Structure formats: structure tokens, C-alpha cells
Amino acid sequence: MTRKRLARVNHVRMHALSFGSIFNIGDTNNANPTSRAIALQQEGAVFNDEEDLQFEDYPIFQLEPNWVEDKRTVTMNSIHHAETIRVGNVRITGASQSGIVQIGSIKKINADARIKHFRKIRSEED
Numbered sequence: 183m184t185r186k187r188l189a190r191v192n193h194v195r196m197h198a199l200s201f202g203s204i205f206n207i208g209d210t211n212n213a214n215p216t217s218r219a220i221a222l223q224q225e226g227a228v229f230n231d232e233e234d235l236q237f238e239d240y241p242i243f244q245l246e247p248n249w250v251e252d253k254r255t256v257t258m259n260s261i262h263h264a265e266t267i268r269v270g271n272v273r274i275t276g277a278s279q280s281g282i283v284q285i286g287s288i289k290k291i292n293a294d295a296r297i298k299h300f301r302k303i304r305s306e307e308d
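Using the numbering used here, the first residue of the sequence shown is number 183, and each one after it goes up by one.
By construction, these hints were calculated from the structure, which means they are not laboratory data.
All values derive from a computational prediction rather than experimental measurement.
Using N, Cα and C, we set each Cβ at its ideal position, and we do this for glycine too.
Honestly, I wouldn't trust all of these hints.
Unchecked claim - Simulated DEER-style distance windows between Cβ atoms: (1) 283 x 239: 27 to 37 Å; (2) 284 x 259: 20 to 30 Å; (3) 278 x 239: 19 to 29 Å; (4) 240 x 189: 39 to 49 Å; (5) 249 x 284: 13 to 23 Å; (6) 238 x 214: 14 to 24 Å.
Input sequences plus hints: build the corresponding full structure.
Set out below in C-alpha cells:
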């Protein structure tokens, strides 16, 4: 089995982390970030009660995830020339919608992001 190594990062700068995302320093066994969103884009900035959109109205949000089972056996041999992974600076614009920024090892990830987009265009009569 491969020996674990220590990851050292001097400085991390992240602008944004949102909507079910994870920023983790250290080792992780499992990560299961989830995010659900309904995005309504329309001409003009006026929204009213007619746009009261609910998750239960759209089947995509009720579906069970279809996770892929990896049944492959992977044989791996690593030679680590140093006990530590050293990084100077990390600059991240952002992570969103079930994204993961991981500094360290991670064994298993199941990330689920579901977004229903709507675009309402004004008719010529408006």
C-alpha cells in the first residue's frame, strides 16, 4: 500500500465558494456534495408571483442519481521521492454547484448538481 504524504501549501486564495461546494484541507474518505437550482433568466428585471418555480414541479429533481460503479481493479506502484508535497501559492477563482477543492487525498466522490434553466424572452407585443 502506498504511504500517505503530507501536503503543505503556503497560501491559498479563493474568490468564491458557493452552492453545495466543498473546500477541504486534509485527507477525506468520502465527499458527497449536492446542489439543486432553478435559474430563471428573463428580459427586464421585473419578477412576480407567476415565476414562483418549485423543485417538485420538475422531474429532474426527483430522479435518483445514476452513479457509475467502478468494478475495475487498478494495480499501482508509486515511488515518492519526498515525504511532503510542497506548494507555494494556490489561487482559485471559484468552485460552485457541488464542486470540490481538495488539498490532500480523497478516496471517493459522488457529486450531484442539478440545474433547471429557463429563459423568458419578451414577445414583440410587450
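Can you give the numbers of the hints that this structure goes against, from lowest to highest?
none
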